[in-house]
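For chain A, the structure is supplied; the task is to place chain B on it using the hints.
There are 2 protein chains.
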Amino acid sequence: MTGFTGATLDRADKIRGDAAAFAAALRSPRARLLRLDGLDPAVGADGRLAWDSIAELPNAAEPILLGLDGEIPCFVGFEREAARDAPGGRGPWRALGLLPAEDAALWGAARSLLLWHARHGHCANCGTATVVHRAGWGRRCGACAAEHFPRVDPVVIMLAEHGGRVLLGRQPRFPASRYSALAGFVEPGESLEEAVARELWEEAGVRATAVRYVASQPWPFPSQLMIACVATVSGNEITLDRDELEHAIWCSEVEVRAALVGDEGAPFLPPPPYAIAHTLLTHWIGE
Amino acid sequence: MTGFTGATLDRADKIRGDAAAFAAALRSPRARLLRLDGLDPAVGADGRLAWDSIAELPNAAEPILLGLDGEIPCFVGFEREAARDAPGGRGPWRALGLLPAEDAALWGAARSLLLWHARHGHCANCGTATVVHRAGWGRRCGACAAEHFPRVDPVVIMLAEHGGRVLLGRQPRFPASRYSALAGFVEPGESLEEAVARELWEEAGVRATAVRYVASQPWPFPSQLMIACVATVSGNEITLDRDELEHAIWCSEVEVRAALVGDEGAPFLPPPPYAIAHTLLTHWIGE
Numbered sequence: 021m022t023g024f025t026g027a028t029l030d031r032a033d034k035i036r037g038d039a040a041a042f043a044a045a046l047r048s049p050r051a052r053l054l055r056l057d058g059l060d061p062a063v064g065a066d067g068r069l070a071w072d073s074i075a076e077l078p079n080a081a082e083p084i085l086l087g088l089d090g091e092i093p094c095f096v097g098f099e100r101e102a103a104r105d106a107p108g109g110r111g112p113w114r115a116l117g118l119l120p121a122e123d124a125a126l127w128g129a130a131r132s133l134l135l136w137h138a139r140h141g142h143c144a145n146c147g148t149a150t151v152v153h154r155a156g157w158g159r160r161c162g163a164c165a166a167e168h169f170p171r172v173d174p175v176v177i178m179l180a181e182h183g184g185r186v187l188l189g190r191q192p193r194f195p196a197s198r199y200s201a202l203a204g205f206v207e208p209g210e211s212l213e214e215a216v217a218r219e220l221w222e223e224a225g226v227r228a229t230a231v232r233y234v235a236s237q238p239w240p241f242p243s244q245l246m247i248a249c250v251a252t253v254s255g256n257e258i259t260l261d262r263d264e265l266e267h268a269i270w271c272s273e274v275e276v277r278a279a280l281v282g283d284e285g286a287p288f289l290p291p292p293p294y295a296i297a298h299t300l301l302t303h304w305i306g307e
Numbered sequence: 021m022t023g024f025t026g027a028t029l030d031r032a033d034k035i036r037g038d039a040a041a042f043a044a045a046l047r048s049p050r051a052r053l054l055r056l057d058g059l060d061p062a063v064g065a066d067g068r069l070a071w072d073s074i075a076e077l078p079n080a081a082e083p084i085l086l087g088l089d090g091e092i093p094c095f096v097g098f099e100r101e102a103a104r105d106a107p108g109g110r111g112p113w114r115a116l117g118l119l120p121a122e123d124a125a126l127w128g129a130a131r132s133l134l135l136w137h138a139r140h141g142h143c144a145n146c147g148t149a150t151v152v153h154r155a156g157w158g159r160r161c162g163a164c165a166a167e168h169f170p171r172v173d174p175v176v177i178m179l180a181e182h183g184g185r186v187l188l189g190r191q192p193r194f195p196a197s198r199y200s201a202l203a204g205f206v207e208p209g210e211s212l213e214e215a216v217a218r219e220l221w222e223e224a225g226v227r228a229t230a231v232r233y234v235a236s237q238p239w240p241f242p243s244q245l246m247i248a249c250v251a252t253v254s255g256n257e258i259t260l261d262r263d264e265l266e267h268a269i270w271c272s273e274v275e276v277r278a279a280l281v282g283d284e285g286a287p288f289l290p291p292p293p294y295a296i297a298h299t300l301l302t303h304w305i306g307e
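Protein sequence lines correspond, in order, to chains A and B.
Add 20 to the 1-based position in the first sequence for my numbering, that's all there is to it.
Add 20 to the 1-based position in the second sequence for my numbering, that's all there is to it.
Here chain A stands alone, though its shape is the one from the complex:
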């Protein structure tokens, strides 16, 4: 299972489009509200996501329906200023390390939604301020009637493979010794296989001759769909795009395995387990 997957809530699409059902969910005495620390998860004493009663929803906040846990409606509250001003700082990683996968996944969905609302308070079509729509799964413009839906930006992330080795790159912002798979946004007018080939050519100057899909994950920073692939490439000569990568290396299966188990002699520090690049490397050494 990839990171940020495995949420168990029923997303209850039918309630989103039914104002009476939404109101009933909000009135349910069992309805609960996700507790957050800024945008980061608040972890309870039981090591799970912490919840309050829906009665704790601040007056200024809008309830977003995350879904149903059995019969229990689960909400998160949206306040524009709070979501926009939440510190990026240290980030949610320590809290996420404590949570089971299903809780990390649910928190990820909440985070993506909150940030989308925070950054999309106006109609892209006409500029008017919009209002929350469909239980928080959209926004609507009262002036031009446009409906807007949360963005999910597809990103390809891939290992180029040649002669039994895979290509890993290092961005300047990475922690020391960290290398990972190359990645980039899918653009209008290309398949994901074409996006993989374009990114490998742009960033590393290698030519993909075949692309195979491996796995996917949502990535809530702010809202990507990561699509992980392995691409066979026609040669191992690299021409780096220095705006994107400061260094790249070809690694053998033995080297990747050493990195994943944390050997001192490993040639690089691998991506963390919740990142799909880790899944991709684990998959590749198992192939």
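Because the hints were derived from the structure by calculation, they are not lab data.
Any given hint might turn out to be false.
[To be verified] Computed cross-link-like contacts, EDC-like style, restricted to lysine to aspartate or glutamate with a CA-CA straight-line distance of at most 16 Å: (1) 34/A with 261/B; (2) 34/A with 222/B; (3) 34/B with 222/A; (4) 34/B with 264/A; (5) 34/B with 91/B; (6) 34/B with 89/B; (7) 34/A with 89/A; (8) 34/A with 91/A; (9) 34/A with 263/B; (10) 34/B with 263/A.
Treat the numbers as computed from the prediction; the structure is a model and nothing was measured.
Chain B in isolation, oriented as in the chain A frame:
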């Protein structure tokens, strides 16, 4: 190869971010401008996309760099009112039937970009009118400095498979006898495998136990990334969501094959060849 793939232009990302290089491309005496009929393709006497000289760019239009054809910069002109008011009507299908795949793919990228600009003229963050940015591959807000990039909305499209048969559904808007694969938008906080399982449950009441990826394509109506999968499901009892589908059928390999070759006795009219549902059915009978 899936529909709307196979474009051969170099997207020339480096030129997009370099104002001097972009100006030089625009000044090139060989630069050319995609001719459109509203938003539909204009087909030349040679059965290819028709092009004009960049000198034909109307004063009111903004040049968007589609990419380089060898040394030749290729543009499309954006005029907001023209793009918004283009008739949906009969649509581009007749013209597309005449074009080679690489031309259909290039036109698709242009269409997605033009419609995105037309519907995103204001900053979603603050409401101010935005300006074209990065050679047409973004918009920028002068007031709050937000950058906006063209949307690509990932959509899963899938065959549920049980006992050697696959599930096909019929939307009310389909032409008579047409059945196709079920589909839906990927939401924040789910992998594409989770989106497949959720859509099959919501629309048909069947439970996916395994999902395998098949292929992808860009879909320029207006800008989806279609991700095609086959899902093994645990039973064949269907509970239809009547808001989405008016009917659904389970079809054997023999029945799908008959539909794809156009047999008179086939139980359904298949999706057209440029749709990835067609690719998906062709793949499935070949498995």
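query: Looking back at the hints listed earlier, which ones does the structure fail to meet?
result: none
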